[in-house]
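Undergrad: Start from chain A and add chain B according to the hints.
As you go down the protein sequences, you meet chains A and B in turn. This note's numbering puts the first residue of the first sequence at 1, with every later residue one more than the last. This note's numbering puts the first residue of the second sequence at 302, with every later residue one more than the last.
Note that these hints are calculated values from the structure, not bench results. All C-beta atoms in this analysis are idealised placements derived from N, C-alpha and C, irrespective of residue type, glycine included. Warning: the hint list may mix true and false statements.
[Said to hold, decoys possible] Some chain B residues near chain A, calculated using beta-carbon distances under 8 Å:
1) L516
2) H517
3) T546
4) D549
Here is what each chain is made of, one letter per residue.
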Amino acid sequence: MSVFERLRTGLRRTAEQLVGRLDGLSAGRAAGGTAVDTLDDLEGILLEADIGVAATGRLLQAARDHRGDEDLRTLVKTELVRVLESPGPAPLIDAKPRVVLVVGVNGTGKTTTVGRLARLLTLSGDQLVICAADTFRAAAVEQLEVWAKRVDADFIRARPGSDPAAVVFDAITAGKARGRDVVLVDTAGRLHTRANLMDELDKIRRVAGRAVAGAPHETLLVLDATVGQNGLAQARAFLETAGVTGVVLTKLDGTAKGGIAVAIASELGVPIRYVGVGEQLDDLVPFSATEYVDALFEPVW
Amino acid sequence: MPVCRWAGGHNDRVIPPWGLFMFASLSDRLQAVFASVRRETRLTPASVETALREIRLALLEADVNFKVVKAFIDRVRDRAVDRAVLESLTPTQQVVAIVRDELLALMGEGQPGLSSSKQRPQVVMLLGLQGAGKTTTTVKLARWLGEHGRHPLVVSTDVRRPAAIEQLGVLAAEASVRVHEPDHGTQVVARAEGAVEMAKSFGFDVVLIDTAGRLHVDDELMGELDALKAAVEPSDLLYVADAMTGQDAIKSAGEFHRRLGISGVVLSKMDGDARGGAALSVVSVVGVPVSFIGDGERLQDLQPFHPDRLVSRILGMGDVLSLVEKAEQVVTPEEATRLERKIRGNDFTLQDMRDQLKTVSRMGPLDRLMGMVPGMGQMASQMPTEIDPKALSHTMAMIDSMTPRERSHYQVIDGSRRKRIASGSGTTVQDVNRLLKQFMEMRRMLRAVGGASRSRKKKGGRRRAMPAGPRFPVR
Chain A
1 MSVFERLRTG LRRTAEQLVG RLDGLSAGRA AGGTAVDTLD DLEGILLEAD
51 IGVAATGRLL QAARDHRGDE DLRTLVKTEL VRVLESPGPA PLIDAKPRVV
101 LVVGVNGTGK TTTVGRLARL LTLSGDQLVI CAADTFRAAA VEQLEVWAKR
151 VDADFIRARP GSDPAAVVFD AITAGKARGR DVVLVDTAGR LHTRANLMDE
201 LDKIRRVAGR AVAGAPHETL LVLDATVGQN GLAQARAFLE TAGVTGVVLT
251 KLDGTAKGGI AVAIASELGV PIRYVGVGEQ LDDLVPFSAT EYVDALFEPV
301 W
Chain B
302 MPVCRWAGGH NDRVIPPWGL FMFASLSDRL QAVFASVRRE TRLTPASVET
352 ALREIRLALL EADVNFKVVK AFIDRVRDRA VDRAVLESLT PTQQVVAIVR
402 DELLALMGEG QPGLSSSKQR PQVVMLLGLQ GAGKTTTTVK LARWLGEHGR
452 HPLVVSTDVR RPAAIEQLGV LAAEASVRVH EPDHGTQVVA RAEGAVEMAK
502 SFGFDVVLID TAGRLHVDDE LMGELDALKA AVEPSDLLYV ADAMTGQDAI
552 KSAGEFHRRL GISGVVLSKM DGDARGGAAL SVVSVVGVPV SFIGDGERLQ
602 DLQPFHPDRL VSRILGMGDV LSLVEKAEQV VTPEEATRLE RKIRGNDFTL
652 QDMRDQLKTV SRMGPLDRLM GMVPGMGQMA SQMPTEIDPK ALSHTMAMID
702 SMTPRERSHY QVIDGSRRKR IASGSGTTVQ DVNRLLKQFM EMRRMLRAVG
752 GASRSRKKKG GRRRAMPAGP RFPVR
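Chain A on its own, in the form it takes in the complex (with noise of 0.2 Å):
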């Protein structure tokens, strides 16, 4: 018998024994086998959206003790919901020009992110410093200065090898001078294990800081939408080093969900403030609980 003959039989074995796999699912609940049936297809898409194990309890406990008459898929999706927006909205910051750094791991998509939520940014009004702080990859300032020509802002490039902070620093000096209204900086990827690169990261926040008070005002934290169970570990590497305040949720065009966002959101408080969602220039879209619900439980395929 293949693999994959053996893992269908074994998928039907297990719908037909649901009852007692459920983890936790107390023996009385499990007399209603329709709920049973409900409660597993739940926990699948929840597992499958790379939510995690320990969100996905939470979220199927919820459903379980609430008594009531809506089915269980409505009170989970109002659950998800409540979660995603449970860090609340995002504060407003009247700093002039307020500095927004975006950060992350490698090939993740941060510069494209960066170039769109400029031309979100411009589109509502703002004149922009865009900063290319990722000194490392080869042309990545060059890729940055496509998007800052096509939103018509000011650029402030690296020179190749030079401190990231020094040019951080360099371009809030100039959106002061200048009264700009933001400072976006792109920073190079790094992978969140290598101490020395997250070090790098805490210097650029500190001498932002120097330049102006509060800085960094916001840092977003790009996460590929594929990202599985590991992407939990990055957002806490990164908040406690770089004190990231919103996720931007790249890549959502393919069938990936990125649930771990869900995850991130439950565990660290940390809301999703952005979703990526194809490959022009205004595919970055302000991130609506509602919507990104409805679409987990969206068949792609």
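TA: Positioned in the frame of chain A, the structure of chain B alone reads:
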């Protein structure tokens, strides 16, 4: 987990030893599960269930696809609650063996490395999502092939991402790998065909084609790969997957496989702390083996993937085969035969231990070896960050301070002898005590291995029978 520091500019970082890297957490959890199971002399269906729940959690947290996990748990349960297992004298070991078998089945039976195609030049395409690490993997693979006597040529067909072609050029130069770089080639298929032509006329026997990252739902770009594949007829289509990928891994890999028929998976970024359960899922659901793993940012950080060895490590059974391979490089056959006789006859002495330590010190860094030794996985994780290289010479000094009789009959070493040995070797009595304890532990382990090697003979097939055999030491 023991780690060693690697100094050097931007790449200064902490590197977990090869093989323990990302499955370490999964391995730790499973070991904790089995440690609790092993405390019981008889298994009950309830205790099996507890263990299964822990295994399920561990696998899910490692990003193994939840459907795969369910099927896996069901199979293990079906086999584990069998009367014969429950009533046998070594039920926990049998459960471990079942989990091991099933994990192995999940990992598939594919051969690591490239296919042994006779095609010359052999054409290899690397595909994957954006940001998976295709370009880096292309150069790593070329370097690896060069080391194994091949003559690789690389070419980039990524005309989309700015600087992707330059990136390949820079990395290839670093690895001394030849690049096909047409003067004005922005046609994807033409670039690849040009490389194959160049390989033919200049005698390169393998062409590696780097492709642009794309989403599996992007029909247009997937069509481009179809065209590329039809034009160059690759023998190997390697799908590069990020080890940090979650549940979506099987969908994207599955779609690439459905459209193009991928021949293997390269798992990248295994040096982070991701547990990489996606690897298990892709292999079992999509049915494509993991060919290589990338476990670091240096260009030499690429290895062929060995599922059986990894499973053994996950279960803390040790990577005996890798250890044997390493040992074969430094131990002469005569030495090996002599040692084997000793182990079989259960007369392993302190003198032998000294000889072995000498051999071990020739085999490489101790912390890497530790993870391969059966039962040592857990011990390795309790080791301090850096293993004192002097510890080995201290141990040898202690044995050197013993009389021949003491070395062959450790039982005679009483308190006053211990004092003498300590002062003779410049160590303390505590050190000597520790050494003797280690030695007795080692004897105990070797006795079990000796037993396993006998049962192995009976069964015939060494590769399978050795770690899976019911008498294998899984304490």
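Undergrad: Hint by hint, note whether the structure agrees.
TA: The hints, checked one at a time:
| no. | hint | result |
| --- | --- | --- |
| 1 | L516 | 5 Å, holds |
| 2 | H517 | 7 Å, holds |
| 3 | T546 | 5 Å, holds |
| 4 | D549 | 4 Å, holds |
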